[in-house]
Amino acid sequence: MLSDRELLSREAINRLVLAIATRQDRQAFAELFNFAAPRIKAFMMRSGSPPELAEEIAQEAMLLVWRKASYFDPARAGAMTWIFTIARNLRIDFQRKTKTVKQAPGGEPDEYQVSEPTPEEILVARGDEERVRAALQALSSEQEEIIRLSFFRDRPHSEIAKELDLPLGTVKSRIRRALGRLRDMLEETP
2 MLSDRELLSR EAINRLVLAI ATRQDRQAFA ELFNFAAPRI KAFMMRSGSP
52 PELAEEIAQE AMLLVWRKAS YFDPARAGAM TWIFTIARNL RIDFQRKTKT
102 VKQAPGGEPD EYQVSEPTPE EILVARGDEE RVRAALQALS SEQEEIIRLS
152 FFRDRPHSEI AKELDLPLGT VKSRIRRALG RLRDMLEETP
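Using the numbering used here, the letters of the sequence shown map in sequence onto residues 2 to 191.
Derived from the structure by calculation, the hints contain no laboratory data.
The beta carbon of each residue, even a glycine, is placed where N, CA and C say it ideally should be.
Label-pair restraints from in silico Cβ distances:
1. 165 <-> 23: 40 to 50 Å
2. 79 <-> 165: 34 to 44 Å
3. 76 <-> 182: 16 to 26 Å
Heads up, simulated DSS-like pairs for lysine-lysine below, C-alpha to C-alpha not over 30 Å straight-line:
4. 173 <-> 98
5. 98 <-> 69
6. 173 <-> 163
Build the full structure now, drawing on both the sequences and the hints.
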């Protein structure tokens, strides 16, 4: 069992995740859970999640850590950054599912409160942006162009087909293949 001092070091946390990935080490998972889950819950509550939801996100994040530990790459990020990225993505998924939007007090239905992102959220978002940019650059030039036209310029498929002088079916299949490839690349490291 690791001491509290070791448990706080980045290397020790990385070793726990790697032990889970390589040996499905239950003791390592228990130590990691006891260290990370309360921090995830506290972070979620500071970000505005109610305690019950924060607890659920923390538990779900740790379950994903157990299942996806083999995707962790210490050369790309520290284990806690990786774990908090998983938790953040879960929170976004929960928010989308419940469609909870805070309405500004006394405001019109179209006016919503916008909360400032925390420093942790800014760092995670920057990391996500870098991963997406790298994944886009890994696509073929045809796939990258069609994704940029469709998603960044918000062009309809029929307009893209005319612009690129391609059949509509070809445009749709290229978009589908490019999105599949992007998804595969981005799922490698959450």
